[in-house]
Amino acid sequence: MNERLRLIALVNESDESFATLCQSLGISRKTEYKWVARYEALGPSGLDDRTSARRVFAHATPAAVVDALLELRKEHPRWGPKKLCARLITLGVEHVPAASTVGDLLRKHGLIRPRRRRVFPPKSPSKIHVTEYPNDTWCIDFKGHFSLGDKTRCHPLTMTDEHTRYLLKCEGLLKTDSAHVRVHVERAFREFGLPLRIRSDNGPPFASAGIGGLSALSVWWVQLGIFPERIEPGCAQQNGRHERMHRTLKDEAASPPAPSRHEQQRQLDRFRHVYNDERPHEGLGQKTPSSKYTSSRRVMPDRVRELEYPDTVKPRRLDDHGRLHFRGTKTLVSPLLKSQLVGIEEVENEKDEGQHWRLHYGPVALAEMTLRDKVLRFEKAR
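Counting from 878, one number per residue, gives the positions in the sequence shown under the working numbering.
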């Protein structure tokens, strides 16, 4: 900047020619003419550096189209770029950009929030079993919550026997945490005995994003000798019978909702009675679920027993923080499994023999373990 002002001063005060001045300053005559022209047009501010970025974009979306787009989005905040484009064209707006450009414009003006990244638990460690007898598999889930007349929310917790469709539990809960759910699950165990498996989705409190997809509730099931079976994310059809029951529950016990939680529970109890004892089921040859269901012979124990492992799996107890001490390493497995007995099974590997293992918690395969450079790494169980 100082050199350019000096140039302008010399041009105004010196009698030397442009060529001589340029030679003395070490610049070309073209550059000197440029700075003089800028100074005469804009004054000292004309000597500032200018960006080389374009100020006008030939293919930019016209301002009128952007304004129409933003107004339409505010009227319909749930419409996406494709619907907005189609509506703008219907309204006769010209030069409507592509849907991808519309998305960029909405994002630029703060009208699109980035999606939260969903963390999916590991897939079920085994395939979905086909049931043959009552109590082979119980299904558990929450029917979507709804508001009652007193403005409180009701979260119906439902449990069914997958083979006979028998509705074991139908309870309207205030909260969906593990403590509230466990109370009713335990009552079902004491009334009907224990199933071999419990099938659920991947949401809390039935599963978590931790190792093996275990939650506090599913850890308790494993301790009772129940295998936690999870459907794949986004595959509600794997629990189709239970989901179909939810549709019937909504039609007959929640439309409209009751004025209070007490009244809503009475409706749910009435629905459970009719569903089990009166309503014929086409999948059961027009018989009722209660005519097909029998309680389990596996009685709910007063206290859980220590897990047992086959001879091929070596038991190892985690410390009181849920860490595994193995081959000179100390690695966190899960706080949910503190002081629990896990199993370690050696896995054959042609390239690196003796350095690969599979970690189990009861029948649940938690992870593949690899020991390299004295560091124990966990990978998804195969």
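Just so you know, these hints were derived from the structure itself, not from any lab. Quick caveat, the model's predicted, so the values are computed rather than measured. Errors might be hidden in some of the hints.
[Stated by the list, open to error] Here are the simulated lysine-lysine pairs, DSS-like style, with alpha carbons at most 25 angstroms apart: (1) K1046 x K1164; (2) K1164 x K1207; (3) K1207 x K1004; (4) K1191 x K1164; (5) K1028 x K951; (6) K1164 x K1215; (7) K1046 x K985; (8) K1169 x K1191; (9) K1127 x K1164; (10) K1046 x K1207; (11) K959 x K1052; (12) K951 x K911; (13) K1028 x K1052; (14) K985 x K951; (15) K1257 x K1191; (16) K959 x K985.
[What the hints assert, rightly or not] Computed beta-carbon distance windows for the label pairs: (17) E1120 x K1164: 41 to 49 angstroms; (18) L947 x K1164: 54 to 62 angstroms; (19) K960 x K985: 44 to 52 angstroms; (20) D1188 x S977: 38 to 46 angstroms.
Ideal Cβ placement from N, Cα and C applies to all residues, glycine included.
Comparing the hints with the structure gives:
Note on K1046 and K1164: the hinted pairing holds, with a Cα-Cα distance of about 20 angstroms set against a maximum of 25 angstroms. For the given pair, K1164 sits about 57 angstroms from K1207 by alpha-carbon distance, which is inconsistent with the 25 angstroms threshold. This hinted pair does not check out: K1207 and K1004 have alpha carbons roughly 32 angstroms apart, beyond 25 angstroms. As the CA atoms of K1191 and K1164 are separated by approximately 48 angstroms, the hinted pair breaks the 25 angstroms bound.
This hinted pair does not check out: K1028 and K951 have alpha carbons roughly 29 angstroms apart, beyond 25 angstroms. About 47 angstroms separates the Cα atoms of K1164 and K1215, which puts this hinted pair outside 25 angstroms; it is violated. Of the supplied pair hints, the one linking K1046 and K985 is violated, its CA atoms being roughly 49 angstroms apart against a limit of 25 angstroms. Between K1169 and K1191 the CA atoms are separated by roughly 42 angstroms; this puts the pair beyond 25 angstroms, and the hint is violated.
Between the alpha carbons of K1127 and K1164 the distance comes to roughly 22 angstroms, so the proposed pair stays at or under 25 angstroms and holds. Straight-line distance between C-alpha atoms of K1046 and K1207 comes to about 42 angstroms, which puts the hinted pair past the 25 angstroms bound. Straight-line distance between C-alpha atoms of K959 and K1052 comes to about 38 angstroms, which puts the hinted pair past the 25 angstroms bound. Between K951 and K911 the CA atoms are separated by roughly 48 angstroms; this puts the pair beyond 25 angstroms, and the hint is violated.
For the suggested pair K1028 and K1052, the alpha carbons sit about 15 angstroms apart, so the restraint of at most 25 angstroms is met. Between K985 and K951 the alpha-carbon distance is near 15 angstroms, which keeps this suggested pair within the 25 angstroms criterion. Annotation: proposed proximity of K1257 to K1191 holds, straight-line Cα distance about 20 angstroms (limit 25 angstroms). Among the hinted pairs, K959 with K985 is consistent with the structure: their alpha-carbon atoms are about 17 angstroms apart, no more than 25 angstroms.
The hinted window of 41 to 49 angstroms between E1120 and K1164 is violated, with their beta carbons roughly 21 angstroms apart. Distance hint check for L947 and K1164: the Cβ-Cβ separation is about 60 angstroms, which falls inside the suggested range of 54 to 62 angstroms. Distance hint check for K960 and K985: the Cβ-Cβ separation is about 19 angstroms, which falls outside the suggested range of 44 to 52 angstroms. At roughly 60 angstroms, the beta carbons of D1188 and S977 sit outside the given window of 38 to 46 angstroms.
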